[in-house]
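K.L.:
Sequence:
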Amino acid sequence: MTKRDRQERRQKYARRNRMRYIDRLLNELEMLNLADQTRTPREIALAVDELVEDADLAEIKGERSLETVPEAMDVLYDIQDSLMFNQIEDE
8 MTKRDRQERR QKYARRNRMR YIDRLLNELE MLNLADQTRT PREIALAVDE LVEDADLAEI
68 KGERSLETVP EAMDVLYDIQ DSLMFNQIED E
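So this note's numbering is basically just the index in the sequence shown, starting at one, shifted up by 7.
These are calculated hints, taken from the structure and not from any lab test. Just so you know, these numbers come straight off a predicted model, no measurement behind them. Be a bit skeptical, because a hint or two may be false.
What the hints assert, rightly or not - Simulated restraints on C-beta separations:
#	residue 1	residue 2	range
1	Pro77	Gln14	15 to 25 Å
2	Thr9	Glu74	22 to 32 Å
3	Arg11	Leu33	27 to 37 Å
4	Thr45	Gln14	41 to 51 Å
Think of the CB as a built atom: it goes at the ideal place given N, C-alpha and C, for glycine as much as any other residue.
Construct the entire structure; sequences and hints are all you get.
P.N.:
What follows is the structure, encoded as structure tokens:
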């Protein structure tokens, strides 16, 4: 296995792990939504902000707030879409 192959493999695993993490956050938000909770808990809002920063996707969040559960979910779906789109381009 070449150095490039190892690097590509690491990138794929990192992307998969990030997608799994996003799925967990979305699941938590969906449970809150089903319980009619409208405010995003601080720890989830911070996690979403961290994902935006880590992925260097500030334009995805833009001026949107993470204050409500649906807003936070929208940002996570956009991050997820960008990760899947980048995966398709890489293959």
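K.L.:
A separate judgement is required for each hint: does it hold in the structure or not?
P.N.:
Do the hints match the structure? See the list:
no., hint, in the structure
1, Pro77 <-> Gln14: 15 to 25 Å, "37 Å, violated"
2, Thr9 <-> Glu74: 22 to 32 Å, "47 Å, violated"
3, Arg11 <-> Leu33: 27 to 37 Å, "33 Å, holds"
4, Thr45 <-> Gln14: 41 to 51 Å, "43 Å, holds"
In this structure, the earlier hints numbered 1 and 2 are contradicted, and the remaining ones agree with it.
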